[in-house]
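Protein chains: 2
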Amino acid sequence: MTKSLDVVAIGNAIVDVIARCDDAFLSAQNIDKGAMTLIDADRAESLYAAMGPGVEVSGGSAGNTIAGLAALGGRGGYIGKVRDDELGKVFRHDITAQGVRFETASAIDGPPTARCLVLVTPDAQRSMNTYLGACVNLTPNDVPRDLIEAAQVVYLEGYLFDPPEAKKAFVEAARLAHASGGKVALSLSDPFCVDRHRAAFQELVTHHIDILFANEDEIISLFEVKRFDDALQKIRFEVETAALTRSERGAVVVHRDEVHVLDAEPVETVVDTTGAGDLYAAGFLHGYTRGDDAVACGRLGAIAAAEVIGHVGARPEADLKALVAKRLS
Amino acid sequence: MTKSLDVVAIGNAIVDVIARCDDAFLSAQNIDKGAMTLIDADRAESLYAAMGPGVEVSGGSAGNTIAGLAALGGRGGYIGKVRDDELGKVFRHDITAQGVRFETASAIDGPPTARCLVLVTPDAQRSMNTYLGACVNLTPNDVPRDLIEAAQVVYLEGYLFDPPEAKKAFVEAARLAHASGGKVALSLSDPFCVDRHRAAFQELVTHHIDILFANEDEIISLFEVKRFDDALQKIRFEVETAALTRSERGAVVVHRDEVHVLDAEPVETVVDTTGAGDLYAAGFLHGYTRGDDAVACGRLGAIAAAEVIGHVGARPEADLKALVAKRLS
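Residue numbers (our numbering), protein chains in the order written: chain F, 3 to 331; chain U, 3 to 331.
Bear in mind the hints are in silico, worked out from the structure with no lab data behind them. Careful: at least some of the hints might be erroneous.
Note: identical chains are not told apart, hence a pair may lie in one copy or across any two.
[Unchecked claim] Each computed DMTMM-like pair below joins lysine to aspartate or glutamate, with the alpha-carbon atoms no more than 25 Å apart:
hint, residue 1, residue 2
1, K91, D111
2, K169, D219
3, K35, D321
4, K323, D25
5, K91, E47
6, K328, D125
7, K91, D42
8, K328, E270
9, K91, D44
10, K170, D86
11, K328, D25
12, K185, D144
13, K323, E250
14, K323, D125
15, K169, D111
16, K35, D197
17, K323, D24
18, K328, D24
19, K91, D24
20, K236, D219
21, K185, D295
22, K170, E205
This is chain F alone, in the form it adopts within the complex (with noise of 0.2 Å):
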């Protein structure tokens, strides 16, 4: 059967709102640096007003990677709800003028479109602090079976596990996906995630998922291991393939019998983290679904990866098929 899009992916459809800031102020405000902590409306609130100027970027780990990936030149479809408000209007014209395909219908009542207060310290760290709003109204039939039945790869993000109805809207992907010969790939998205949905995430990644993404601490919190290796040493009979990431000290890839210890790509200047495991899945995927092997794809996410943190914001800013061109000659 031929697949009209490379991937699709579901995931919590995000604005971000970018503000620099130092230590102190996450202390202050009791943040936990490098995490992504839920918060409410009123906390999304009173953080704002706390903190410095922003900037807008759309944002959400699989809308990071799907835009991405269609950056990279990519058939893309999305999966996410916003509200009919301006930022969900924001979102949607962001990932569609990258050339995505998303059709989930905006939600017409209910709290307004998702926003994540990102704070990003002088070593470039992010800490995200995320108010899911509208992503709580993803459901099952926000999942259209041509559009899974059309993809290579159905891509879900771990945040999806965190809205109750979402996670059932990702499992029916999986399985529709499945279904008619697609592959299934999860981002782990984040230890403190993976901490609060350990035992379903260990049930997906052994029975459902093709393409596992994790950074090192994620695949650590997934098997409660001590080191790396031990991590790697169980994931290699669980998924068919795995990209586990390391920031500096690069990846390693695991495809069938093959394991691949790769470098990262040299950044000029680290800027601003956030989406970096998201670019890199952009990069692997795109790699991946035009039949690259294993050792290229990581290079293409290591490639992508690299670009994402030389900016502020988690979308691609540079024309990333030139890059990606220039790199690789």
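Got chain F sorted already, so can you dock chain U onto it with the hints?
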């Protein structure tokens, strides 16, 4: 009389939506490269639909200036009209988070918060398309006497001449400023804006303005002369202080009998020229209100302008105070 504020700025309160494009896109959309074009709601919608993915940052010429002044450590106030919508909240948050006093009530009906669709070409030139939205509802009633009287300098952007009621607010603010012993500063904003309102600007400059900011094209347009030097000879006898900026050729600062020809600051990579003039005015006025001489004011202006053209968006990103300290050491 002691003044509790250094500068109060009045302007069109706008959120910028910034996207990259190529020259072919500008041609296809009939956009005057480098200019600020006023657009209506329908055009704003169709142009936004055609644009690539964007980044939202608070803007507005005078808003950028007063945010820059506050970032430098100056005491600033702002008058401008947003609506009580999401972008209005973003504008209010960003300017107050920068430490600027902003008390103008949000409109509770009428058009939405103004937005400027900024298209940045690979040469870093910006072409602006402004939908004035709620700005047309700024009236003389929005100019609080106590705020104007509290300021050493009242700073007005020429763009205010586009919405007719805002122009009245502008004239009222200038009158109150002079009556309380303050200075009145004006930025000519844009050569096309000068074309639209030349006679009014000439009258204003001759009779009511103490400090004039203009770039080369604007000052040439104001006096309808051919060469920069012709304009320079005219402006010398019209205002007490004039700062005439010439991009990479630096600036000419006129103050009473003095005429200074100052170099531009070095910039590593020019990314987006949006806000260069606004931040020049910020630096200059910060120096002016703390009693620096004309040369020092010009240097501060050039440093602030150099920072803002090194990144996307017209509000300062770096710690401007620290940057100035480093550059001047």
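Hints versus structure:
For the homomeric pair K91 and D111, the shortest alpha-carbon distances inside one copy (15 Å) and between copies (20 Å) are both at most 25 Å. For a Cα distance limit of 25 Å, the shortest separation of K169 from D219 inside one copy, 22 Å, qualifies, whereas the shortest one across copies, 58 Å, does not. Taking identical chains as interchangeable, the C-alpha atoms of K35 and D321 lie at most 25 Å apart only when they sit on different chains, with a minimum of 21 Å there against 31 Å within one chain. When the C-alpha separation of K323 and D25 is checked against a cutoff of 25 Å, the pair qualifies only between copies, where the shortest distance is 19 Å, while the shortest distance within a copy is 36 Å.
Both within a single protomer and between protomers do K91 and E47 lie at most 25 Å apart by alpha-carbon distance, with minima of 21 Å and 11 Å respectively. Proximity of K328 and D125 under a CA criterion of 25 Å is satisfied inter-copy only: 20 Å between copies versus 28 Å inside one chain copy. For the identical chains of this complex, K91 and D42 are neighbours both inside a copy (22 Å) and across copies (18 Å), given an alpha-carbon limit of 25 Å. In this homomeric assembly, K328 and E270 come within 25 Å of each other (Cα to Cα) both inside a single copy, at 16 Å, and across copies, at 22 Å.
In this assembly of identical chains, K91 and D44 lie within 25 Å of each other by CA distance both inside one copy and across copies; the values are 23 Å within and 15 Å between. For the identical chains of this complex, K170 and D86 are intra-copy neighbours only, at 23 Å inside a copy versus 36 Å across copies, given an alpha-carbon limit of 25 Å. For a Cα distance limit of 25 Å, the shortest separation of K328 from D25 across copies, 22 Å, qualifies, whereas the shortest one inside one copy, 37 Å, does not. Taking identical chains as interchangeable, the C-alpha atoms of K185 and D144 lie at most 25 Å apart only when both belong to the same chain, with a minimum of 20 Å there against 60 Å between chains.
Taking the shortest alpha-carbon separations for K323 and E250, only the intra-copy value of 23 Å comes in at or below 25 Å, while the best inter-copy value is 32 Å. With identical chains, the CA atoms of K323 and D125 are at most 25 Å apart between copies only, with a shortest distance of 19 Å across copies and 28 Å within one. For the homomeric pair K169 and D111, the shortest alpha-carbon distance inside one copy (21 Å) is at most 25 Å, but the shortest distance between copies (39 Å) is not. In this homomeric assembly, K35 and D197 come within 25 Å of each other (Cα to Cα) only inside a single copy, at 16 Å, whereas the closest approach across copies is 52 Å.
With identical chains, the CA atoms of K323 and D24 are at most 25 Å apart between copies only, with a shortest distance of 15 Å across copies and 35 Å within one. For a Cα distance limit of 25 Å, the shortest separation of K328 from D24 across copies, 20 Å, qualifies, whereas the shortest one inside one copy, 36 Å, does not. In the homo-oligomer, the alpha carbons of K91 and D24 lie at most 25 Å apart only across protomers (24 Å), although the nearest pairing inside one protomer, at 31 Å, exceeds that limit. In this assembly of identical chains, the alpha carbons of K236 and D219 lie at most 25 Å apart only when taken from the same copy (15 Å versus 67 Å across copies).
For a Cα distance limit of 25 Å, the shortest separation of K185 from D295 inside one copy, 16 Å, qualifies, whereas the shortest one across copies, 68 Å, does not. Taking identical chains as interchangeable, the C-alpha atoms of K170 and E205 lie at most 25 Å apart only when both belong to the same chain, with a minimum of 15 Å there against 68 Å between chains.
When the structure is compared with the earlier hints, no violation turns up for any of them.
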